[in-house]
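Asker: Here is what each chain is made of, one letter per residue.
Number of protein chains: 2
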Amino acid sequence: MSIIDGYRCSQTLFTAVGLKLFDHLTKEELLLEDLANKLNLPHLPALERFLNACIALKLIQLDKTNKKYSNTPSSNKYLVSKSPDTLTGYIGHNSQSSYLLWTKLPNAIHENAPQWQKTFNTIHGEEFTFDSFYRDENTEALFMSAMHGLGLTCFPAVVASIDNFQQFKTFCDIGGATGCLAITACKANPNLQAIIFDLPRIEKHAVQYINQTSADIRNRIIFQSGDFFRDPLPRADLFTLGRILHDWNDEKCQILVEKIYRALPEMNGAILIAEKLLVEDKSGPVTANMQDLNMLVATAGRERTCPEYKELLEKVGFKNIKCFWTGTYLDAIIGYKSN
Amino acid sequence: MSIIDGYRCSQTLFTAVGLKLFDHLTKEELLLEDLANKLNLPHLPALERFLNACIALKLIQLDKTNKKYSNTPSSNKYLVSKSPDTLTGYIGHNSQSSYLLWTKLPNAIHENAPQWQKTFNTIHGEEFTFDSFYRDENTEALFMSAMHGLGLTCFPAVVASIDNFQQFKTFCDIGGATGCLAITACKANPNLQAIIFDLPRIEKHAVQYINQTSADIRNRIIFQSGDFFRDPLPRADLFTLGRILHDWNDEKCQILVEKIYRALPEMNGAILIAEKLLVEDKSGPVTANMQDLNMLVATAGRERTCPEYKELLEKVGFKNIKCFWTGTYLDAIIGYKSN
Numbered sequence: 001m002s003i004i005d006g007y008r009c010s011q012t013l014f015t016a017v018g019l020k021l022f023d024h025l026t027k028e029e030l031l032l033e034d035l036a037n038k039l040n041l042p043h044l045p046a047l048e049r050f051l052n053a054c055i056a057l058k059l060i061q062l063d064k065t066n067k068k069y070s071n072t073p074s075s076n077k078y079l080v081s082k083s084p085d086t087l088t089g090y091i092g093h094n095s096q097s098s099y100l101l102w103t104k105l106p107n108a109i110h111e112n113a114p115q116w117q118k119t120f121n122t123i124h125g126e127e128f129t130f131d132s133f134y135r136d137e138n139t140e141a142l143f144m145s146a147m148h149g150l151g152l153t154c155f156p157a158v159v160a161s162i163d164n165f166q167q168f169k170t171f172c173d174i175g176g177a178t179g180c181l182a183i184t185a186c187k188a189n190p191n192l193q194a195i196i197f198d199l200p201r202i203e204k205h206a207v208q209y210i211n212q213t214s215a216d217i218r219n220r221i222i223f224q225s226g227d228f229f230r231d232p233l234p235r236a237d238l239f240t241l242g243r244i245l246h247d248w249n250d251e252k253c254q255i256l257v258e259k260i261y262r263a264l265p266e267m268n269g270a271i272l273i274a275e276k277l278l279v280e281d282k283s284g285p286v287t288a289n290m291q292d293l294n295m296l297v298a299t300a301g302r303e304r305t306c307p308e309y310k311e312l313l314e315k316v317g318f319k320n321i322k323c324f325w326t327g328t329y330l331d332a333i334i335g336y337k338s339n
Numbered sequence: 001m002s003i004i005d006g007y008r009c010s011q012t013l014f015t016a017v018g019l020k021l022f023d024h025l026t027k028e029e030l031l032l033e034d035l036a037n038k039l040n041l042p043h044l045p046a047l048e049r050f051l052n053a054c055i056a057l058k059l060i061q062l063d064k065t066n067k068k069y070s071n072t073p074s075s076n077k078y079l080v081s082k083s084p085d086t087l088t089g090y091i092g093h094n095s096q097s098s099y100l101l102w103t104k105l106p107n108a109i110h111e112n113a114p115q116w117q118k119t120f121n122t123i124h125g126e127e128f129t130f131d132s133f134y135r136d137e138n139t140e141a142l143f144m145s146a147m148h149g150l151g152l153t154c155f156p157a158v159v160a161s162i163d164n165f166q167q168f169k170t171f172c173d174i175g176g177a178t179g180c181l182a183i184t185a186c187k188a189n190p191n192l193q194a195i196i197f198d199l200p201r202i203e204k205h206a207v208q209y210i211n212q213t214s215a216d217i218r219n220r221i222i223f224q225s226g227d228f229f230r231d232p233l234p235r236a237d238l239f240t241l242g243r244i245l246h247d248w249n250d251e252k253c254q255i256l257v258e259k260i261y262r263a264l265p266e267m268n269g270a271i272l273i274a275e276k277l278l279v280e281d282k283s284g285p286v287t288a289n290m291q292d293l294n295m296l297v298a299t300a301g302r303e304r305t306c307p308e309y310k311e312l313l314e315k316v317g318f319k320n321i322k323c324f325w326t327g328t329y330l331d332a333i334i335g336y337k338s339n
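Top line first, the protein sequences correspond to chains A and B.
According to the UniProt record's numbering, the first sequence is numbered sequentially starting from 1.
According to the UniProt record's numbering, the second sequence is numbered sequentially starting from 1.
Hints were generated in silico from the structure; no laboratory data involved.
Worth double-checking, as some hints may not be accurate.
The list treats identical chains as one, so a pair stands whether inside a single copy or across any two.
[Said to hold, decoys possible] Here are the simulated DMTMM-like pairs of lysine to aspartate or glutamate, each with C-alpha atoms no more than 25 Å apart in a straight line:
(1) Lys-67 - Glu-111
(2) Lys-169 - Asp-136
(3) Lys-64 - Glu-140
(4) Lys-64 - Asp-131
(5) Lys-58 - Glu-308
(6) Lys-259 - Glu-311
(7) Lys-67 - Asp-85
(8) Lys-67 - Glu-311
Work the whole structure out from these sequences, hints included.
Answerer: Laid out in structure tokens, this is it:
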């Protein structure tokens, strides 16, 4: 029964974020009537039922003495849109794109192909591209914010899993988008110079996010525009791929990691991959399997196991490859050009 | 993260039921290739990823020695369409109607009104009716099967919670649909004569389900057609309302229970309500809150607490009212006309 109810719990959360409930409750605790006014909702009984459901899901709490609603600590951290750890972008992306895309899961299984066209009438050719994610300005910005938020909750653990992280001097994040991995890396290593490498259309988003960091961080990050399959890569002694490989099939992944291998210096060059790892027999964790099916309905890619990433990297020459389960939504795989 | 992923888990289950995966695996355990043939799915890798997700959700299992997939015991019981305890109808209803209806939860909260029209372009007047559930023959049949399946998993516990159930001789289930409560009641009490009271269009469904029972049961059940708000009720010493009151507002509920009160004999007459109870402060259980919001997007009703049902029944004269938490998806509330 709890699996059947899953979509109802998701939609309750999506609706609460969409209404900006947590933004209002992070400033002050509020009575039902005051909350109704702030949210511009005229029907108190309907709002109260909705708030009860949010309480049942432990998203908010009600003080029975003063009858005021407030956020839980975890909602203040992840569900307030201005919080540095906010997941509201990721939730918005799930609510506005993925929720409907998943109604086409049967088609995706039948065709082994993404389902943007059937779901949203988007026009694209035979081959998967990111045009579907970027089908209009709002969707593009929401996807950026989604990936930024998710990255912020995971990348510190990814970077921390690399014990020789301080040895790197130059860093390039391929498909680096808003720069959340570059920012995290520069915070963790005060001598690092970072490049975000992504499509020209992404630059405005990256600039916006980087400008919000302190001068010490933003002065060490530059954006270099390019298509990572078509254009030459910059030079760097650490390349990162944060949630990039899971968008592509094995053939394209191999082309990309080989290109990175060649761009690395002979000595101390490394590649760091941030992805959610499936266990070896692919029977979990549930969230990785769900992300794998999300890749099936949305991209040409898939989630992989540690041995699969090892094989991919070994094939093009990487050595000393290790996987780290970080305990967050993203794990880490590192490989070196030389022993 | 697990709340965000909820809809993905739901859709994985919905898709597995839609593909009739569990029907195939209940007959025999199957290799990936054989399953692909039976399901007419040409892409083995896509199917395998989907099956891995089903394993992660514990819906199926894989024997690592012979590489064959099979159902878990719980899937055999609830997810096989011919199982007597099947929930496949309920799952189909959630998949085909409720999943999309819930995308309009923000509108439902804003308007305090059901959202069939906005979701499916159905035409209805200002007031909620069941025409939306019965908008075409398939949807009507699916809803019948949904309620039947859910009833079968819960009604035995509901009936068992009434310790003097053997005292009743005549029984009328208001809005009795497929007769699942009438069938359960006749099984539990061998002397009971039962009437299913529901709209004329429902009779064909009831007849179909009743004809599947043994002669001993079906000979004691009749269908009487009528609209429970407009037409006179039959005579019976036990009236039941199984998931009926949660479809309607307090005013209509009171009209209905008062009508039942009057139709009962002075001595030993009783009303039995089967609904999911909210705890007194309405902060759970989650599944009851989710059902409450489902009532908000789909009907004019709501889920209620034990004190709310007590008040509703006391107002029209019922006495000795008791609530029973059955531990299943439906709880029981009983009230008597005399002490």
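Asker: 25 Å Cα cut-off: does Lys-67 pair with Glu-111 within a copy, between copies, both or neither?
Answerer: Classified as between; 24 Å across copies, 53 Å inside a copy.
Asker: Using 25 Å as the alpha-carbon threshold, which applies to Lys-67 and Asp-85: within, between, both, or neither?
Answerer: neither (29 Å within a copy, 43 Å between copies)
Asker: First find the shortest C-alpha distance between Lys-64 and Asp-131 inside one copy, then the shortest across copies, and answer within, between, both or neither for a cut-off of 25 Å.
Answerer: neither (49 Å within a copy, 40 Å between copies)
Asker: Could you place Lys-169 and Asp-136 in one of the four classes (within, between, both, neither) given a Cα distance threshold of 25 Å?
Answerer: neither (37 Å within a copy, 66 Å between copies)
Asker: If the cut is 25 Å between Cα atoms, do Lys-64 and Glu-140 qualify within a copy, between copies, both or neither?
Answerer: neither (42 Å within a copy, 43 Å between copies)
Asker: Between copies, within a copy, both or neither: which fits Lys-67 and Glu-311 at Cα up to 25 Å?
Answerer: Close across copies (23 Å), not inside one copy (58 Å); limit 25 Å.
Asker: For the identical chains here, do Lys-259 and Glu-311 meet the 25 Å Cα criterion within one copy, between copies, both, or neither?
Answerer: Only inside one copy: Lys-259 and Glu-311 sit 16 Å apart there, 73 Å across copies, limit 25 Å.
Asker: Please sort Lys-58 with Glu-308 into within, between, both or neither, judging by C-alpha distance up to 25 Å.
Answerer: Answer is between; shortest inter-copy Cα gap is 24 Å, intra-copy 38 Å.
Checked against the numbered hints above, the structure violates hints 2, 3, 4, 7; every other hint is satisfied.
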